[in-house]
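*Asks:* Could you put together the complete structure from these sequences and hints?
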Amino acid sequence: MVLASPSPFTAEQLQAHRLTPNEYEQIVRLLDRHPNLNELGMFSVMWSEHCCYKNSKPLLRNFPTTGPKILVGPGENAGVVDFGDGLRVAFKIESHNHPSAVEPYQGAATGVGGILRDIFTMGARPIASLNALRFGPLDNPRNRHIFSGVVAGISGYGNSVGVPTIGGEIYFDETYSGNPLVNAMAIGLMETEEIVVSGAQGVGNPVLYVGSTTGRDGMGGASFASAELTDKSEKDRPAVQVGDPFLEKLLIEACLEAFKTGAVVAAQDMGAAGLTCSTSEMASKGGVGIELDLDIVPAREKGMSAYEFLLSESQERMLFVAHKGREDELIEIFHRWGLQAVVAGRVIAQPLVRILHKGSVVVEVPATTLTEEAPVYARAVLTEPPAYVQEAWNWDVQTLAQPSDWTEVLLKLLDSPTIASKKWAYRQYDCLIQGNSLVLPGAGDAAVIRLQTVTGISRGLAATVDCNSRYVYLDPYEGGKAAVAEAARNLSCVGAEPIAVTDNLNFGSPEKPEVYWQMAEACRGISEACSFLGTPVTGGNVSLYNETHGQPIYPTPVIGMVGILDNLEKHCTLGFKKVGDLVYLLGQAGGTLGASEYLKVIHEMATGRPPRINLTQEQKVQSTCRLGITQDWICSAHDIAEGGLLVALAESAIVGDLGVQVEVSD
Amino acid sequence: MKIGIVVFPGTNRERDVAQVTEGLLGCPTQFLWHQQTDLSDSDVVILPGGFSYGDYLRCGAVARFSPIMQAVRQHAERGGYVLGICNGFQVLTEAGLLPGALVRNRDLKFICDWVHLRLENTRSLWTRGYHAGQVIYVPVAHGEGCYYADPDTIQRLEDNQQVVVRYSDAQGECPDAANINGSLNHIAGICNQRGNVVGLMPHPENACDPALGNSDGLKFFEGMVTEALAFT
Amino acid sequence: MKFRATVQITLRPSVLDPQGVAVRAGLQQMGYAQVEEVRVGKYVQLELEAETEEQARQQVDRISDQLLANPVIENYHFDLVAV
Amino acid sequence: MKFRATVQITLRPSVLDPQGVAVRAGLQQMGYAQVEEVRVGKYVQLELEAETEEQARQQVDRISDQLLANPVIENYHFDLVAV
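Residue numbers (my numbering), protein chains in the order written: chain A, 864 to 1529; chain B, -8 to 223; chain C, 747 to 829; chain D, 747 to 829.
If a hint is listed, it holds; no wrong ones were tucked in.
Distance condition first, Cα-Cα at most 27 Å in a straight line; then the derived BS3-like pairs of lysine-lysine:
(1) Lys788/C x Lys788/D
(2) Lys100/B x Lys1285/A
(3) Lys788/D x Lys100/B
(4) Lys1275/A x Lys1463/A
(5) Lys788/C x Lys1165/A
(6) Lys1483/A x Lys1433/A
(7) Lys748/D x Lys1165/A
(8) Lys1286/A x Lys100/B
(9) Lys748/D x Lys788/C
(10) Lys788/C x Lys100/B
(11) Lys1440/A x Lys1275/A
(12) Lys788/D x Lys748/C
Derived DEER-like restraints, expressed as beta-carbon distance ranges:
(13) Arg808/D x Pro871/A: 52 to 60 Å
(14) Lys(-7)/B x Pro1214/A: 54 to 62 Å
(15) Glu164/B x Glu1195/A: 51 to 59 Å
(16) Val829/D x His1412/A: 45 to 53 Å
(17) Lys(-7)/B x Gly1065/A: 39 to 47 Å
(18) Ala161/B x Ala1516/A: 18 to 26 Å
(19) Asp160/B x Val829/D: 53 to 61 Å
(20) Arg1189/A x Arg758/D: 53 to 61 Å
(21) Glu164/B x Val829/D: 53 to 61 Å
(22) Val1260/A x Glu783/D: 53 to 61 Å
I should point out that these hints are in silico values taken from the structure, not numbers from a laboratory.
The beta carbon of each residue, even a glycine, is placed where N, CA and C say it ideally should be.
*Replies:* Pasting the structure below:
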């Protein structure tokens, strides 16, 4: 039954709020009335892909998410994994692709700030971060500007906040020219007895707003028509937020101190869409309601409307639920660290989000309508691979001319930005702070840092981010498997046992059948590999509509993976060590040139069928490699990836400052 | 020998130093919050690395006016030992406890890399364990580490042997290529005339733990332990 | 003719200015309580050759818009004098 | 009375100004060959309460000398207007 009264909103307003007509109708059915403008803004953000995964939810259902070492799986701010002896590791990856295209420095910086907050909101001290970056070719000045801005932003924020940036990957390809990818991963070590959850509990408990003040930043660029904002001229409304790493460092210390008092019932970072997201998710996860008064929220600007308060994306802010009577204890801690802290509301029995402004109720909606009842689109998946894939699979290697000068080929490959050394970038990241970094950027296939228990037991944590998006573009199922297999292989090459995954699924528009097919097939491959290799998915992020002028980027499901080194001395790096050492190839030689970097760099072709992953073989090769490292049979190990065997040998020689001689028999 | 490590809002390497002074060397170590004014309980005061007050305006510009800096000045005037590492060195120059200033790196980028340092003055508490001309391999991590002072000050530093460490190559030479951030005379660290206040940009504390592969920096802190024995 | 331009680049009013906030806190700590608002920006001094003042103004405006200021989060304004 | 001061802080000529050098190189690359000299500094805008303009000037001068500029490497100059 749709209400007889006409909708107070024009088609443009709905479009600006990225809500389709029938999504609007569903809102009206859920509320049994028309939403007001503030409520419409809240639904617009909460029903975006970023918050509710409406297009990807059906595909994520079959990821394996449980395992003996998994303490917290998908659904919380970050996944938590048991590393033994009381060591519990929180980790997650998140994307800031669109803001980084608009303002590279601040887009990347606030991406790092946001993912760090997801970690310490669980009660964990951030101990490391990694990043997966993708740009267009560097011969284009615009791409160079975005690349140097993003690296400077990660460096500026990460170094100041005091978390070592220990690893990552950078790719360059035309597909990312108009739409760079900036995925930031963070890792933390639990410092509180109990893992802090985000579900609100205890009717009457105070709701605390802590951290920085609220301003109008982040509104201009979001999906809001200008009509909804106060008369502030466009010139004054920036599309991007500016991060303050100094304040975030204070927020880390204050929050961890606050959690250890036991006075905090629940906590959540104010991520995308700030107050809207935190109030509705905390209420719905706890099965209760939250009432919040905007007049009490510390504002940085005068005359802000309720709409602007609710949708502002100002940085470095958190929402807490405290035990009634212990709020002053928490407020004192935040004030000592020079931060805002006010009781802005309370937990209520009815499962509603009720927002007050200037003495009147401006929003009152059931919390679950915002979080659980978002539409889910189970789209049809193509039964046949799209034309571009079939054409690529028919590519015949025989048509390829044999190179006359192999040295020339190697030098050209080593000189291509995707393969070449990334020192220009990681030299700007502080990878040593906190004094636990063992395998540094460039030294091994994965980063390794030391974890220490209070009782002095030390253990290694290895971490990596990986994805070859050309493989996924040309065969999403095998490409998805390859991304997981390569991440696990990189961990095994430093001697670590792969434990768990966080993923960042970067795709084009799901409304395009071939893109949705890429998503479905990639997820099928990822879940198969994660199940087989025993690395469950503990959460992650989905970023869709990554396109320029309607042209989607290569499907890029970035896999972040962490692994355990029981014995810190038994770790391995990729550089050759001693003259006279023998070089072994684990696994089969040969394979295909399909979708290879060789084809792209030397022949400027992105075609052919990528190599198929044999997971049983993969498991054997990796466990043999790990065994060899623990038995001290192996003194260097390197995964064969872009550029194949030739480039892998060259990289081990260069890093080891030695030579290598190999006979290749036909 | 009791160690006091100063913590400003934004300091972020205080634990790295404590891991060495207390963790590796067993010296009693405590953190001193920037609003404290009593340093009587500390024989050695260390200003560690970080971004005090976010390094806004200038690195260390705001930290210099914290209440504790008055106490640090008095501690230094009494002959007490003061060490400023990276941001700590910047705060000491802003406070006038050491001459000159640290400006933006020559190539405008933050640098985190390992460098060779040549020991120049080995009479200070911190460099007593090394011999003059010795080359050590330690990391740097800074964006504003280019040491600058007017020509007279530079001349005075050289004449009084107040240059403690210089950026060099593996052989101890000082070609321009080894000057990582454009510092005048390759200066990486200096001391005051009396020698009790030392400031340097590199991070010896991140090159102390053999378990992490390099301990060239450990002797830097061991001087305090041998000095302590001399006290008792 | 030689001209000297002084370009003042400031963050847009509603953009968070962490530097301004930190400097104001520092000033208050030093006892300057009567300082209410602090904004920190960039200041660029240019010397350039141009036929006329009008042409110099156009040059500086384009330079400021294309390179010196980041239009997404900054505003600029400049003064020009013949040298 | 309320006053607004604009403080311009520039590096002393003897101090290397890598930012100025980089900006000039960038401008040349963009075809602005006629730009000869570029110096990059800081610009601070203060709003403060004071009884008289004279008192405000003294305050701003002390603030600039003590905090905003580092005399070892920087010069400062400011303008003041009543608001």
